[in-house]
Amino acid sequence: MRAVLLGATKGMGRALARLMAERGDALYLLGRDRDDLARSAADLEIRGAAGTVGFTHCDLLDPATFAPALDAAVAALGGLDAVVVSAALFAAQETLERDGALRDRMLAANFANTIAFCELARERLLAAGGAARLCVFSSVAGDRARKPVLLYGATKAGLTYYLTGLDHKFAAQGLRPILVKPGFVKTGMVADLQPPPFAGEPEPVARAVLRAIDRGTPVVYAPGVWRWIMLVIRMLPRAVMRRIAF
Amino acid sequence: MTLIVNEPLKVALGRESLNDGWPEAAVPEPAPRLTELAGWGHYPVVQGYERRSEDLESLTRDAVLTRGLGRSYGDSSLPPPGRHVVAGSPLADRLLAFDPAAGIVRVEAGFALMNLNRLFYSRGWFTPVTPGTHYVTVGGMVAADVHGKNHHVAGCFGEHVRCLRMRVADGRIIECSDRHERELFRATLGGMGLTGHLLEVEFQMERIASPWIWQESEQVRDFESALEALQAAGKEWPYTVLWSDLLAGGAKLGRGLLMKSRWAQPHEAPAAPPRWHRAPALPVFLPSWLLQPWMVAIGSALNYWKHGARRRAGIVHPETCFYPLDVVREWNRLYGRRGFTQYQAVLPGPHSHPRQRRFIETLRARGGKVFLCVIKDCGPEGKGMLSFPKPGISYALDIPIDGDTQALVDALNDVVAAEGGRVYLAKDAFTRAEHFRAMEPRLDAWNTVRRAWDPGGRLKSAQSIRLLGDRA
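As given, the protein sequences belong to chains A and B, one line each in that order. Going by numbering that gives the first Met the number 0, 52 is the number at position 53 of the first sequence; the sequence numbering is gapless. Going by numbering that gives the first Met the number 0, 230 is the number at position 231 of the second sequence; the sequence numbering is gapless.
If you're looking for bench data, these hints aren't it; they were derived computationally from the structure. Check each hint, because a few of them may be wrong.
Stated by the list, open to error - Only part of the chain A face toward chain B is listed, based on derived beta-carbon distances under 8 Å:
1) K9
2) R38
3) A41
4) D42
5) R46
6) G187
7) A190
8) Q193
9) T216
Glycine is no exception: its CB is placed at the ideal position from the N, C-alpha and C atoms.
Build the full structure now, drawing on both the sequences and the hints.
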């Protein structure tokens, strides 16, 4: 499989890239920090990725970088089977309420810019005629508005909506969007938060995601128990949501 | 055995853009969360701040200490009292370079030994030295300068380290080795993270004939014959260790099982590589009163008799050989919230010297409830200025904590100090500063190097406050 990954130097993206490398996939990394990308590329090469793991600059806060980065990736891989987007910004709700500039950056990166990136990725995946997997990390935070992840959850709800629609519209042409909804997963992004019950680890989550990519599963909750947790939370009436803290 | 090369492995990157991390640069760092921190023995437990991130370089900028997976037993990895932040390295876990011809590997300090093993068994390489658990980071292996069942032939892990990249107290990032900043290098091997934050480690791996282990084991009937058999086995076997039953009374004291292992030759080994599984975890702390000495005594006797008088030999999984306790994660919860300590000391040889028996008798006389005793003969001292092993016999004793633990450790330390032995900092939670000083004539030399790199005393741990006279 020839895959381009945005956000694979950290967290769940890192774990997923490693699984792909260890089974010999060809990988190309996109991200902001060249030094960080080079280190991750070395890690993935040693683990068994096919050939050289290339990388180039791509900044989710700067949409002008998207097309050149994707084109460089397709050229380096000699084709394209999958695009994985696990990059996103996260900050605590209180921080986002205090810091308007940060809020706007988060809204732009996680929603508008991620969708702009996916649009460009979609065109290239369909043109390449490969497996056409577009795997995007949304979140269970997008399933129901909750107090501690209100703004972050709003971006993920939008993303979920978009990917669901992408499946409806382009499935007939062969596009397979994989919508990943992680529950709380213990990554560096949330290292300063108290993990709730049912918190997951990046590696098992990555296994579930890779299985979904291989099979073309449209929606994957990871860890899987979050599907049922969110089912319950989605059914809670407004009066309850106003009172509870999570 | 160690290959010394001038040049560190080429790591394919420039390091100019250190502050351009993402999303750190885009999102302000939240305040760290006050959490309960403890070592593997769950004693002591402190309230402290641990900050984790993939970016160890920025993480270590303001930290007083870096900790890995928290497998040191006592307070080595704990912050000193006060509002100090420790950096947590386990998310910084990338392989940076590997030379498949020479077996030289360079990793970020948070890289876990388990992952190293699982990636490299099948490629014919193994860590030159492994401690008794694979849930340790390579940075932690350097900081404690770990030893293993092959200490009598391979020395400590530090003997195989080629260079270290570290952040020292003034904030600079320095590459050190036997050729460059040699004193810092040698003070850092076994320096318990107190000379600087480890960022990257480059070391020489060992070629293995197959990914399987040939192991032989036999009963040893009492303490003296056990030590003698251990000593003899070391002449022929690369990996030797003695499990000893110190709860058995009278003449049976110190009976046990001697384990001898080596890597299997290809024609002995199964064709398939060893499979590995994620170990189940003990989900909760058991009540501290649950595990009673009589139960452990029965368990130990069963373990001894089950083996039988016959010598056993055969192929075993490398993880069965090296990490028998890792089959259950968080097994330390067996001891309950009160916790346990592992007292590990080395006494100078020879094995037939009466001091060995004196040590065991002291333990007996104090009613020492030793639930697990592992004995290993140590080879020569290595490069590390403060590393634990020295030629002689090392005793590792798992002791549940109760009101008598301090007195027991004091009594044992009296013997160890008088006999020219020393204790292992990575295990220690109870040794007194006076005892440690009496055991460590090397302390002043190490402190001189440490202070040259950290004149302001910025780097410290709960242990360095307790044992080394650091100020909180």
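Hints versus structure:
1. K9: With Cβ-Cβ at 5 Å, under 8 Å, it holds.
2. R38: Result: holds, 5 Å to nearest chain B Cβ.
3. A41: Constraint on A/A41 satisfied, holds at 5 Å.
4. D42: holds, 4 Å
5. R46: holds, 7 Å
6. G187: holds, 5 Å
7. A190: With a closest approach of 4 Å, the A/A190 hint holds.
8. Q193: With a minimum Cβ separation of about 6 Å from chain B (threshold 8 Å), the hint on A/Q193 holds.
9. T216: Because about 23 Å separates A/T216 from the closest Cβ in chain B, which is outside the 8 Å limit, the hint is violated.
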